[in-house]
Amino acid sequence: MSRLWPRGLRARLLVAFVLVAVLTAAAVAWSSAGSASTALVTSAQQRLTETLSGQIAAAAPQLTYPPDQAALDRLRAAVGPDTLVTYRELRAGDGATGLVTDALRAAVHDRLVTQRITAGGVPWLLVGTPVMVTAPDGTRTPSGIEVYALRDLSGVEQQLNALARTAIGTAALALPVAVLLALLAARSVVRPVRELRDTARRLAAGDLGARSPPRGADELAELTVTVNEMAESVQASMAAQQRLRADARRFAADVSHELRTPLSTMTAVVEVLAATADGMTPEARESAQLAITETARLVRLVEDLMEVSRFDAGTAHLRLEEVDVTAAVRDCLRARGWLDRVELVAPQRVSLRADRRRLDVVFANLVGNALRHGAPPVRVHVSASPDQVSVEVTDSGPGLPETVLPHVFDRFYKADTARTRTPGSGLGLAIALENARLHGGDLSAGNADGGGARFVLRLPRNGEDR
1 MSRLWPRGLR ARLLVAFVLV AVLTAAAVAW SSAGSASTAL VTSAQQRLTE TLSGQIAAAA
61 PQLTYPPDQA ALDRLRAAVG PDTLVTYREL RAGDGATGLV TDALRAAVHD RLVTQRITAG
121 GVPWLLVGTP VMVTAPDGTR TPSGIEVYAL RDLSGVEQQL NALARTAIGT AALALPVAVL
181 LALLAARSVV RPVRELRDTA RRLAAGDLGA RSPPRGADEL AELTVTVNEM AESVQASMAA
241 QQRLRADARR FAADVSHELR TPLSTMTAVV EVLAATADGM TPEARESAQL AITETARLVR
301 LVEDLMEVSR FDAGTAHLRL EEVDVTAAVR DCLRARGWLD RVELVAPQRV SLRADRRRLD
361 VVFANLVGNA LRHGAPPVRV HVSASPDQVS VEVTDSGPGL PETVLPHVFD RFYKADTART
421 RTPGSGLGLA IALENARLHG GDLSAGNADG GGARFVLRLP RNGEDR
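Positions 1 to 466 (the UniProt record's numbering) are the ones given, in order, by the sequence shown.
Source of the hints: derived by calculation from the structure; they are not laboratory data. Glycine is no exception: its CB is placed at the ideal position from the N, C-alpha and C atoms.
Computed beta-carbon distance windows for the label pairs:
(1) Arg243 - Arg310: 18 to 28 angstroms
(2) Ala291 - Pro460: 41 to 51 angstroms
(3) Arg243 - Glu322: 42 to 52 angstroms
(4) Ile117 - Pro142: 20 to 30 angstroms
(5) Ala162 - Glu89: 39 to 49 angstroms
(6) Ala70 - Asn161: 35 to 45 angstroms
With the hints as extra help, turn the sequences into a complete structure.
Take a look at the structure:
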């Protein structure tokens with residue numbers, strides 16, 4: 001049944017309105033026809049019984065009591081055809097013979113009785129009445145003479161059929177009117193709903209200035225006002241968030257830029273400290289080593305912040321060249337002293353047009369993350385197809401918890417909040433993802449089947465300048 005019912009709001013309104021209108025018109029028409037039919041039958045029945053009673057009353061004074069066969073024949077002739085007159089064993093006429101039952105005769109003993117019957121496909125009214133004798137004191141008693149008369153109701157039946165046809169015609173005429181009214185009603189309801197739908201689609205597409213003008217003062221107008229208020233609230237909230245993000249990005253970029261000069265000075269001083277550390281006392285050497293480590297960490301943080309600022313500002317660009325990915329991975333591991341700690345599984349040569357410096361940043365972040373937070377062995381697997389190059393980095397550690405996976409590439413996110421002094425800045429994986437996307441590729445995180453974290457870098461082989 002649900003498949004047959006229309007799904008669209010407009011179609012449902014049309015069907016429901018038409019059904020209600022037609023059913024109402026049909027019910028009213030049939031009710032009126034039924035009332036008229038009852039009144040018509042009652043009127044015809046009353047008219048026929050009154051005529052029969054008048055005929056009997058006119059002929060009764062000429063009867064002799066007890067009546068003989070001739071008296072019964074005269075009474076039957078006075079009443080008309082299709083009449084049966086009885087007195088005990090005497091009979092006059094055969095119009096109702098076979099239709100008069102014992103139950104009817106028992107009921108007609110002292111009162112007039114009518115029955116509607118059908119004989120030979122024709123509707124009849126069977127009237128049975130006793131002939132009463134009035135005493136000088138006015139007392140009326142049955143004389144024993146009974147009259148049974150059949151009266152044709154074909155004319156009444158035709159009138160009833162005409163009433164039924166009129167009822168059907170009335171319901172049929174109500175259909176086009178109902179459809180027209182339903183179209184008007186559906187339009188008045190569906191139009192504001194469609195406008196709200198279009199407004200919602202524009203809002204979902206990013207047009208926060210989309211609004212629907214309210215019409216009238218009904219529930220749909222209230223809903224329109226509510227949607228407009230919601231859109232204004234969302235627009236104001238988004239504008240505030242954009243301002244906050246822009247301010248935060250500008251602040252990070254400005255701070256990073258301003259820190260470069262003092263950091264350069266600090267780096268020079270630290271290099272001097274590193275060169276003279278061997279001649280220091282153990283306490284001074286430890287302090288110098290701490291300053292060297294923290295300065296290097298601060299330099300990396302500032303460099304990462306500046307890189308993120310370039311991504312946010314849209315000023316990060318690729319310098320594409322023909323790169324051997326296998327050699328680039330091996331050079332990255334060699335430069336950081338990781339060749340003996342990482343297993344490289346790769347073809348002899350995998351060519352790709354890419355920015356070699358940015359690929360080195362991605363490889364270093366992925367492998368460094370596996371070495372710091374995973375467990376050996378750490379494996380880098382390079383594979384290629386005609387369309388893309390994949391670099392998979394896996395470790396044998398505990399893997400990434402389900403709660404961590406959605407936030408792996410978030411900026412400054414750390415799975416263990418207690419480890420606030422880790423060597424990383426919390427930006428490495430975010431920068432790796434941005435570099436992958438800058439190449440038109442992607443970077444995904446998950447867990448390997450045998451345990452341990454698994455990062456997969458996918459890059460298209462038809463790279464273009466960006």
